[in-house]
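Colleague: So you can see what is in the structure, the chains are spelled out below.
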Amino acid sequence: MPHPTSPGRIARTLRLASALALSATSAAFAQDVPREDTLILAANSNGPEFGSVGNANPYAPGNQVNTAPHLAYEGLFYFNSFTRETIPWLATDAVYNDAFTELVVTIRDGVTWSDGTAFTAGDVAFTLELLRQNGAGDANLSYAVDIANQLTAVTAEGNAVTIAFNGPAPRFLQDYLKMHFGNGLYILPRHVFETVEDVAAFTFFDAAKGWPLVTGAYDVTKWTSTEINMDRRDDWWGATTGFHALPEVARIIAVPFNNADRGAQLVQTDAADITRDLPVGLIRPLVQDNESIITFTGASEPFGNVDWWSTSLYFNSLAAPFDDARVRRAVGLAVDRAQLIDFAYENASEPSLTPYPAFGALADYIATAEPLAAERGLDRQDLDASAALMEDAGFGRNSAGFWEKEGVEVGGEIHSITAMGPLGTLVAEQLRRAGFNVSFVSAADSVARIRDGRAVMSLWGHHASIGDPYATLNSYTCAQVKPIGEPIYPFFSRWCNAEYDAIVEQIRVLSPDDTSAIMPLFRQAMSIWYDEVPEIPLAQWYHRLPMNTTYWTNWPTQDNPYIQPAFWLTSGAYLIANLEKAD
Amino acid sequence: MRHVLRRLALFALTIWAAATLTFVLPRLAPQNPVAEALAQASLTRGGSGTGFDQLVASYGARFGLDRPVWEQYLSYLGDIARLDLNYSISSFPTRVSDLIAQALPWTLGLLVTSTLIAFVLGSILGALVVWPGSPRWIRQVTPVFMVLSAIPYYLIGLVLVYFLAFRAGIFPIGGGRTVGAETSISLTGFVDILHHAFLPGLSIVLTSIGFWALGMRGVAISVQGEDYMTFGQARALSERRLFWQYSMRNALLPQVTTLGLSLGHILTGAILVEVIFSYPGIGNLLLRAVTQNDYFTIYGIVLVVTLGISLAMLILDLIYPLLDPRIRRTARA
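Those sequence lines, one after another, are chains A and B. Going by my numbering, the first residue of the first sequence is number 1, and it counts up by one from there. Going by my numbering, the first residue of the second sequence is number 1, and it counts up by one from there.
No wet-lab data here; the hints were simulated from the structure. Nothing here was measured: the structure is a model prediction, and the numbers come from that model. Errors might be hidden in some of the hints.
Covered stretches of chain B (in silico footprint by chain A; criterion: 3 or more residues with CB under 8 Å from a CB of chain A, positions within the stretch not fixed) [unchecked claim]:
hint	segment
1	31-39
2	54-66
3	198-211
4	301-307
20 Å max Cα-Cα, derived SDA-like pairs, lysine to any residue [claimed, not checked]:
hint	chain 1	residue 1	chain 2	residue 2
5	A	K405	A	R326
6	A	K222	B	R217
7	A	K482	A	A319
8	A	K405	A	L318
9	A	K581	A	K209
10	A	K222	B	L21
11	A	K222	A	K405
12	A	K405	A	I417
13	A	K482	A	A320
14	A	K222	B	M146
15	A	K581	A	L282
16	A	K222	A	T203
17	A	K222	B	F211
18	A	K581	A	H543
19	A	K222	B	S186
Label pairs and their computed distance ranges (CB to CB) [claimed, not checked]:
hint	chain 1	residue 1	chain 2	residue 2	range
20	B	F163	A	C478	56 to 66 Å
21	B	L28	A	A419	23 to 33 Å
22	B	L28	A	A320	48 to 58 Å
23	A	T515	B	W70	36 to 46 Å
For glycine and all other residues, C-beta sits at the position ideal for the given N, C-alpha and C.
Put together the whole structure using the sequences plus the hints.
Modeller: Have a look at this one:
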C-alpha cells in the first residue's frame with residue numbers, strides 16, 4: 001500500500017536546506033572595511049544587547065557612553081597608572097597656584113571638532129560651567145553636584161582656562177581632567193550644547209548630523225542594540241597637525257559581551273579582538289591553547305594587570321553585631337588569604353592587606369600600612385585569637401558551633417555580584433568554620449541591598465585611589481555614611497570615626513605629590529582604620545583581558561605598559577590610537 | 001453576534017486584569033529602579049558619588065515615579081489605552097515600544113517558525129505512526145523524538161552549540177546576525193539571519209516534535225476507528241485522500257487549540273533559548289527588564305504577551321466554526 005510521504009522528497013528537502021545554511025557562511029563579515037582594518041570589541045552590555053542605545057551625552061543620567069562611543073571622545077590629559085606618566089593631549093599644561101585654589105589649564109592649538117569648528121578653551125570653560133550651574137540647580141547631570149561643590153567659577157581667555165575653587169583642591173586635576181580608569185571629564189562642544197534647553201534629556205546622537213561631535217578620530221556611524229560602529233575620520237586634527245599618526249584602526253565595531261563564556265568564544269574564533277574581563281578558569285586555557293591570544297602578562301599568571309578594584313569583605317558597621325569592632329576583627333582573623341588565592345583564583349592573584357590597589361604610585365603607602373595590619377594580627381588566619389575576641393565581646397558557641405549572644409547567631413548573607421562567586425563561596429566557608437553562620441548570595445537585588453545597607457556583609461572593590469591614598473581614605477569618612485535604608489554610592493562601608501575624619505581632612509588640602517607630608521598622616525589614619533577594621537582586605541583585582549593578535553598588535557603588556565588595556569576606561573581612545581596592524 | 005461581543009468583552013477584561021497585576025507586582029520589590037539604572041551606569045565611573053540622591057530624584061521625576069501610586073496607575077492605564085509604553089528606565093532615552101519592536105521580530109521569527117515547523121512535522125509524524133502501512137522508519141524515528149522531547153531544549157541547544165558551532169565551526173556560536181553584516185533587506189542578509197537562527201531553531205524543533213507527535217497520535221487513534229473512515233475505505237478512496245482529508249483534518253482540531261495556546265506562550269518560553277544563543281529577542285529583553293526592575297519595559301512586554309495570548313484565543317474562538325462545520329451547525333441551531 002503506497003504511503004503518503006516520500007523519503008526521497010524529504011531527503012531532497014534536507015539537502016536544499018543544508019546548502020542554504022552553508023551558503024550563508026559567505027555572508028560572514030559583509031563589510032566595506034576589511035576585517036584586518038577593523039577592531040572588534042566585546043563591550044559591556046545588558047545581556048546580549050547594549051543599554052541606553054543612542055545616548056551619546058556623557059552627562060545624561062543613565063548613559064552608557066563608556067560602552068564604546070567614548071572612544072570618539074578625547075581627554076585634556078591621559079594618565080598612565082603603570083608609569084605615573086601624564087600624557088598631554090587636548091591640553092598641554094596645567095598649573096595650580098600655591099594654595100591649590102586656582103588651576104590654569106592651557107589648551108593645545110590646532111584641535112578641531114569633527115565638524116571643523118575649532119576646539120577652544122571656551123569649550124572647556126563651558127563644560128565645567130554647565131556642570132557647576134546644573135549641580136547648584138537642577139542637579140540632573142552626572143558629576144554636576146561634585147563640580148558644583150568644588151568650583152566657584154571657570155573662565156577662558158585665549159588658550160587658557162582658569163578654574164577657581166572654593167577651597168584647596170589639589171586633586172581636581174588628577175581626578176577630573178586626567179583620563180584614567182573611570183575618571184576624567186569629557187569636553188562638550190559649546191556651539192551645540194549652548195542651544196540645548198534640557199541637557200539631561202539631550203541624547204546628542206544623530207548620525208546624519210555627525211553627532212556626537214567629537215575631537216577624536218572616529219565618528220559614531222551606527223548604534224543599535226547589538227552593534228556600534230565607529231569609522232575613522234582621516235581629517236582628525238591629530239594627524240593633520242602632525243601631533244600623532246592617524247590610528248591604523250579604520251573601523252571600530254563593538255558587540256555585546258553578554259557573559260564570560262560568550263566573550264571567550266568570540267575572541268577564540270577571531271570574532272573579537274578584545275573583550276571584557278574573563279575569570280582565571282577561562283583565560284588560562286584560552287591563552288595556553290591559542291598562540292594568537294595574549295594577556296597583559298602574556299601566557300603567564302596572573303594573566304592580567306592590577307585594577308583599582310582591590311577586593312574586600314565589607315561590613316555594614318551600623319548593623320549589629322558588626323557595629324562592634326571586636327566582631328569585625330574576629331571575622332578578619334578567620335580569613336585565610338592564601339587559601340582564597342589558591343582556590344578562587346587558581347593561584348593567579350595576590351593577597352591584599354590594605355584597601356589599595358598595588359599600583360606603583362601607592363607602593364610606599366602600602367608598605368607603610370601592611371605592618372600596621374601585621375601588628376594587629378590581621379595579616380594571617382588565627383582562629384584562636386578570633387575566638388578570644390568573640391568571647392570578649394560576650395558571645396558563646398551554640399550547639400551548632402556558631403557564635404551567639406542572647407539567642408541571636410552571628411552571621412548573615414554576604415552579598416555581591418556573580419563575578420565574586422568563587423571568592424564569596426570560599427570566604428563564607430572559612431567564616432562558617434570559624435563559627436560565623438554566613439552564606440554567599442548573588443541575587444538580582446544584591447547590589448541594591450549593599451547600597452541600601454540591607455546587607456550586613458558584602459564583597460566589593462574600590463574605585464578610589466590610584467596615585468595617592470586620599471580618595472580611598474575619604475571613602476571611609478563620616479560624610480559617606482547614611483542610616484540603613486538610605487542608599488550610599490559608591491562606597492558601602494557605613495563606618496564613622498571623628499578622629500579619623502580630622503586626619504583625612506588634613507590630607508585633603510595637601511598636594512598628592514607631597515608624600516613626605518602625607519605619609520605620617522596616612523600612618524595615623526590607617527592605624528585607626530586597622531583598630532576599627534571597617535572591612536577586611538582580601539585580594540588584588542586583575543583585569544584579565546584576552547587580546548587577540550591575529551589582526552592587531554602593540555597591545556599594552558607588562559613589557560610595554562603604555563596605558564591600561566581596558567578599552568572601556570576613559571583612556572580608551574589613547575589605546576586605540578596606538579594599536580598596530582598585525583603583519 | 002452575541003458570541004462575538006461576549007468574547008470581545010472578555011478580551012478587554014483579561015487585558016485590564018493582566019495590566020493591573022503587572023503594575024502592582026514589580027512595585028512590591030523594595031528596589032528603586034531608577035537608582036538601579038543609575039548605579040549600573042556608574043559602576044565604572046569615578047567621582048565621589050556626591051549628588052547621587054539628587055540624580056535619582058530628578059531622573060525618577062522624569063518617569064513620573066514621584067507621583068502618588070494611584071496617579072501613576074491611572075496614567076499607566078491611559079498609556080496602555082493609547083499603546084504608549086513610555087520610556088525604558090534602564091535604556092533611557094529609548095522608548096519601550098522601540099525596544100519591543102526591535103526584539104519582537106527576532107522572537108517571532110525564531111520561535112513562531114520553529115514552533116510551526118515542529119507542529120507540522122510532529123502532527124504528520126503522529127498521524128503516520130498510527131496509519132496502517134506507513135513506512136517502518138516512521139515507527140523507528142518517532143521514539144527518538146519522544147526521548148528528545150523529554151530533554152530541555154536549552155540542553156540540546158548547548159550540545160548543538162558545542163559540536164556544530166564551536167567544534168565544527170559550521171554555524172555561528174550566537175547572535176542574530178554576523179558582526180558588521182548589513183541591516184538592509186537583502187537575500188544575503190536574510191540568509192545570514194537564517195544561518196544564525198538555524199541552531200536555536202533546530203533545538204526547539206528537535207525537542208518539540210515529540211510533543212506534537214504524541215498529541216496527534218492520541219487523537220488519530222480515535223479517528224481511525226470512526227465510521228466515516230471505514231466508509232471511506234469501503235468507497236475505495238485513495239490512501240492519500242483518506243489520510244490528509246479525513247484522518248488528519250479531523251484529528252487536527254485539538255492540535256490547533258494547543259497550537260494557539262503554545263503560540264501565545266511563545267514569548268515567555270523564549271528566555272532560555274535567547275540567553276544560550278545570545279539572541280536579541282523578547283525573552284532576553286524581559287529578563288533584563290525584570291532584573292533591572294525596569295517597570296515600563298516589564299509593563300510593555302507583559303502587555304504584548306497578554307495581547308498575544310488573548311488575541312490568539314479570540315482568533316481561535318472565531319475560526320473554530322470555519323474549521324469544524326459541526327460547530328457552525330450547532331451555533332445556528
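Colleague: Look at each hint and say if it fits the structure.
Modeller: Status of each hint after checking the structure:
no.: 1; hint: 31-39; verdict: holds (count 7)
no.: 2; hint: 54-66; verdict: holds (count 6)
no.: 3; hint: 198-211; verdict: violated (count 1)
no.: 4; hint: 301-307; verdict: violated (count 0)
no.: 5; hint: A:K405 <-> A:R326; verdict: holds (14 Å)
no.: 6; hint: A:K222 <-> B:R217; verdict: violated (51 Å)
no.: 7; hint: A:K482 <-> A:A319; verdict: holds (12 Å)
no.: 8; hint: A:K405 <-> A:L318; verdict: holds (18 Å)
no.: 9; hint: A:K581 <-> A:K209; verdict: violated (31 Å)
no.: 10; hint: A:K222 <-> B:L21; verdict: violated (38 Å)
no.: 11; hint: A:K222 <-> A:K405; verdict: violated (61 Å)
no.: 12; hint: A:K405 <-> A:I417; verdict: violated (31 Å)
no.: 13; hint: A:K482 <-> A:A320; verdict: holds (16 Å)
no.: 14; hint: A:K222 <-> B:M146; verdict: violated (46 Å)
no.: 15; hint: A:K581 <-> A:L282; verdict: violated (26 Å)
no.: 16; hint: A:K222 <-> A:T203; verdict: holds (15 Å)
no.: 17; hint: A:K222 <-> B:F211; verdict: violated (43 Å)
no.: 18; hint: A:K581 <-> A:H543; verdict: violated (23 Å)
no.: 19; hint: A:K222 <-> B:S186; verdict: holds (18 Å)
no.: 20; hint: B:F163 <-> A:C478: 56 to 66 Å; verdict: holds (59 Å)
no.: 21; hint: B:L28 <-> A:A419: 23 to 33 Å; verdict: holds (28 Å)
no.: 22; hint: B:L28 <-> A:A320: 48 to 58 Å; verdict: violated (27 Å)
no.: 23; hint: A:T515 <-> B:W70: 36 to 46 Å; verdict: violated (60 Å)
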